[in-house]
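Enquirer: Residue strings, one per chain:
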Amino acid sequence: MTSTPQTETETHTGDQSAPATATDDGETSSGENPPADDRTGTGSGAGTDDDAGPVSLTRKPTVFSSGCAFGAAFVAAATTLFVPGTDAAVFGVAVLGTLTLGVGLLRGRPQVIDIGALVIFATLILAGIETPTVEPLIAGTVATVLAWDLGHSGLDLGAQLGREAQTIRLEIVQLGSSLLVGLLAGTIGYGVYVFGASGQPTAAVALLLLAAALITVGLGANRSRSSGRRGRGGRAGTRNRRP
Amino acid sequence: MNRRRTVLLLGLLALAVGIAVSVGVLEFSLTETAIMGVGLLAVLIGLRALGLRRGLERSPGSARAEPERRAAVLAPGESFSQSLAAFQRVTDGYAVQGRRTVDGLRAAVVAVCTRFRGDSVAEATDRIERGNWTDDRIAAAFLSDSVEVPSRSILDRVRTAVDREPSFQRSVRHTVAAIAAVGYDGTSAAASASAESGRGDEGDAERTRGADSSSDSSANTAANTDGNTPERSLPAYVYQPRSATSTDSDGPPRRTTDNTIDGISTLRTRQTGYWTGIGAVALLAVGIGTLAEAPGVILAGVVGIGYAGFARAFEPPEPDLAIERTLSNEEPDPGDEVEVRVTITNTSSRFVPDLRFVDGVPPGLAVTDGSSRLGTALRPGESVGLEYTVTVQRGKHEFDPALALVRDLSRSTEHEYVVGSETTVVCEPELRPVAAPVPLRTTAASFAGRLTTTEGGTGTTFHSVREYRPNDPLSRIDWNRRAKSGELATLSFHEERAARVVVLVDARERSFLAPEPDAAHAVDRSVAAAGRIAASLLAEGDTVGLAGIGPVGRDGTTSAASMSEPCWLAPASGRDHEIRFQELLATHPQFETMPPAAESRWLSQLRTIRRRLSAETQIVFLSPLCDSMAPTIARRLDARGHAVTVVSPDPTTDRTIGHQLAATARRVRRFDLQQAGIPVIDWQSTDSIDEVFARHAAGRGGRR
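Chains as they are written, first to last, in our numbering: chain P, 32 to 274; chain F, 1064 to 1767.
By construction, these hints were calculated from the structure, which means they are not laboratory data. Note that this is a predicted model, so its numbers are computed, not measured. Do not rely on the hints blindly, as some may be mistaken.
Facing chain F, from chain P, some residues (calculated, C-beta under 7 Å) [as the list claims (entries may be wrong)]: (1) A119; (2) V121; (3) V165; (4) A190; (5) E195; (6) G207; (7) L211; (8) L214.
Cβ pair distances, simulated, as ranges [as the list claims (entries may be wrong)]: (9) P:D118 to F:L1104: 57 to 63 Å; (10) F:A1079 to P:E161: 43 to 49 Å; (11) F:T1408 to P:E166: 44 to 50 Å; (12) P:L211 to F:D1399: 57 to 63 Å; (13) P:I203 to F:E1393: 56 to 62 Å.
Pulled from the structure, derived: some chain P residues nowhere near chain F, Cβ distances all over 10 Å [unchecked claim]: (14) L127; (15) L168; (16) V212; (17) A216; (18) L245.
Don't be surprised by glycine CBs; every beta carbon is placed ideally from N, CA and C.
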């Protein structure tokens, strides 16, 4: 009973501090949930219900991932400055993309995050199209993908577990794995570029890359589909026998 | 499948040619146009695949369930048509929608006017025709053809046009609000004051409630109020808001799974589509880079392709999870906070990189502090702890299987598992006597006790004086009169006897109603009140029994229902009996806090109860009176000579037209029962049972 006012005030202060997120965080957890359901339930129930108010599941993006995503987006935008011969305008657009991504995180809109990341990536391409330097572009791409990835994973986690749940371990593992993959891919690409492709004709490079892309698509799709089926069938067979 | 294979073959071919070219075996130089073509192709693929992402289904999967919250119950009158049907008698033939609404509302007006204004049916019908049953002109005009719709100001018209509310809906809202106001608005003589003793308080409560709701939704009200009735807030027009039959179809489910599960069991596997589109964007970059001959851009694309490969490289592990749940208190009192500690251990030998865990909090419990969800990664053999607090309500609560969502490292595939682990909390209702006397009727059994009856005899409260008869005890002779006039007279006192009471709880499926989806529903309140009533009666020396009416099993399986009998505990007294009473209230399947799946054949249960009741047994019937059969039960029992008192927890609310009409229907039912001589004690959801009984006792002048 003693915790009733406490929980109530907590939810209320939460609302006031983040008015932008409060309005339509229902979108986070897809259109299936009525957006204002939790809030109205606790709000109007406060007067009539003597029981301790149940905690409301906010379904907002998690703080750690959102913060990291925003940071990474900013880093990505900043790398455009390191590309020689970049306009200030390009950097400005990249910052705009970063802000868009931030708005997407705050309001829990996956599409907005997509757009923000795409804008940053586009500015990177724009900056790199006229120059032979590759290092800032690789770093920028890794940072962009990281921002996009963490933004979505924060959203996913928020939708599934809510902001209140302890998710920090999971988020660190995600951050680590994504960063590692990006660095690995970047290093391999850079290595091929420095040691292999320097003397090669463009045609060979283009062909090799196209081959890599096609093989990735073909192999990956094959694998994931067949594995999904195998796993499902096998497990269902064994598990269902149990009473 | 075939397409994938073609893609793969093409890829391998390109690889071979590329290697051949690069090592100089093959003199193959792509022309500018060919390179352009390849680039354009990549751009096209990229643009096409971008569209894929837009159509992506984003759902939290089974984590959409909200076991943290109590199982939701409906408020009475979720469906307007059903509320309306409560006023109609046998509908003869088909009626068009609009006509049916008007007819139903007219029937409702007749019902309230005959009850609360003392009109006859003919008078009430006449009032409707003349439109003087209410002050609300819109409502009056809606139900009568002879009354003209009041002309509205231009400002009103503009506002209505902006609101885009059809005038039919507006009229219905006005009419329902007007019907709900009949009997409260003092325009005519109120219905017989003797019939409803606590009405003054009630009206006040109703008004304050209305005021609250209007301040809550002040913006809404401001938009809705018309010049005619600025002081009254109108209910929202919701004709059929949700399917009134099932609570699960709307909103997230409140249970992780309905089945009981030992060990671990797979629910489903789904592709999250998490990385969808990254390969496309990467190809786009490669294409642009090839076209522009910019190595940096190509390499940026390569990084993207690396992620695309990552997304497809893994498969989620098959976890072997062990769950251990400990509670700080396994047998708490209602309202206590219990800390739940869950330990999740990865007993497999594989790393679980992404585990999302949702504990299966029982549907009757609500998490009030902390979170019952956890996101973590688990090394082999590692365990993590999760702590949260639940507030316990009366009943036997079994934890549902917990939900475990396992994704692979790249989060692109998700397996959903349910992990069973049995934990049970039994929370017995407190048997604390009510401060005010329980409102029983004045019939009693033939044993000495403390219920003051209407019969004269020995006792403490003065009843009457009668002529002396031989053998009257000396102590009861009126010696004052003897001294004055020399006549012998005998004083009679109110006979004090013990009552034999059966507390009958209405736990039919229709009674699982609450003003808010999460609030304590009427059956919960009834069962809690049953405990309190029994405790105070037992403390007074009365004998108390317990009976329930409603579905027994919750699973919907016939085996469970047939295995356990409906609750029956014959009236008795003593400590032993009290404990059995408490246990039954806590654990009997009929009184479970979880709403049942279907209605049972309660009529035969009622017959059995009637057969079991001995003569002179009183009945305290706890029912929300929200359907037409509840008063029937009270009347049937009363007709068999059992003195019935109805204690009715009020689950009604006034948010929508359906809600208001249902509340009015309940008021009519209460009134009818009162008229039939069955006292009804209305119990608002904001009051405690002590307050209600104290008010009732005060209204009856302190007599039991």
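Enquirer: Run the C-beta distances from P:V212 to all of chain F and say if the shortest one exceeds 10 Å.
Expert: Answer for P:V212: violated, closest chain F Cβ roughly 4 Å.
Enquirer: P:A216: least C-beta distance to chain F exceeds 10 Å?
Expert: Per Cβ check, P:A216 is inside 10 Å of chain F; nearest 2 Å; violated.
Enquirer: Under the criterion of a CB-CB separation shorter than 7 Å, is P:A119 in contact with chain F as hinted?
Expert: At 19 Å from the nearest chain F Cβ, P:A119 fails the 7 Å test, so the hint is violated.
Enquirer: Go ahead and decide if the range 44 to 50 Å is satisfied by the Cβ distance of F:T1408 to P:E166.
Expert: holds, 45 Å
Enquirer: Should the hint that F:A1079 and P:E161 are 43 to 49 Å apart at their CB atoms be regarded as holding?
Expert: Roughly 33 Å apart at Cβ, these two residues miss the hinted range, so it is violated.
Enquirer: Against chain F, run the beta carbon of P:A190 and see if the smallest gap drops under 7 Å.
Expert: Constraint on P:A190 satisfied, holds at 4 Å.
Enquirer: Are P:I203 and F:E1393 spaced within 56 to 62 Å by their CB atoms?
Expert: violated, 36 Å
Enquirer: Verify that the Cβ of P:L168 lies farther than 10 Å from every Cβ atom of chain F, and report whether the claim holds or is violated.
Expert: Per Cβ check, P:L168 is inside 10 Å of chain F; nearest 4 Å; violated.
Enquirer: The hint names P:G207 as touching chain F; please verify it with the least Cβ-Cβ distance against 7 Å.
Expert: Violated - the Cβ of P:G207 stays beyond 7 Å from chain F, reaching only about 10 Å at its closest.
Enquirer: P:E195 was flagged as interface toward chain F. Is the shortest Cβ-Cβ separation under 7 Å?
Expert: holds, 4 Å
Enquirer: For P:L127, is the shortest beta carbon distance to chain F beyond 10 Å?
Expert: holds, 19 Å
Enquirer: Taking 7 Å as the limit, does the beta-carbon of P:V165 come near enough to a beta-carbon in chain F?
Expert: holds, 4 Å
Violated hints for the displayed structure, listed by number in ascending order: 1, 2, 6, 7, 8, 9, 10, 12, 13, 15, 16, 17 and 18.
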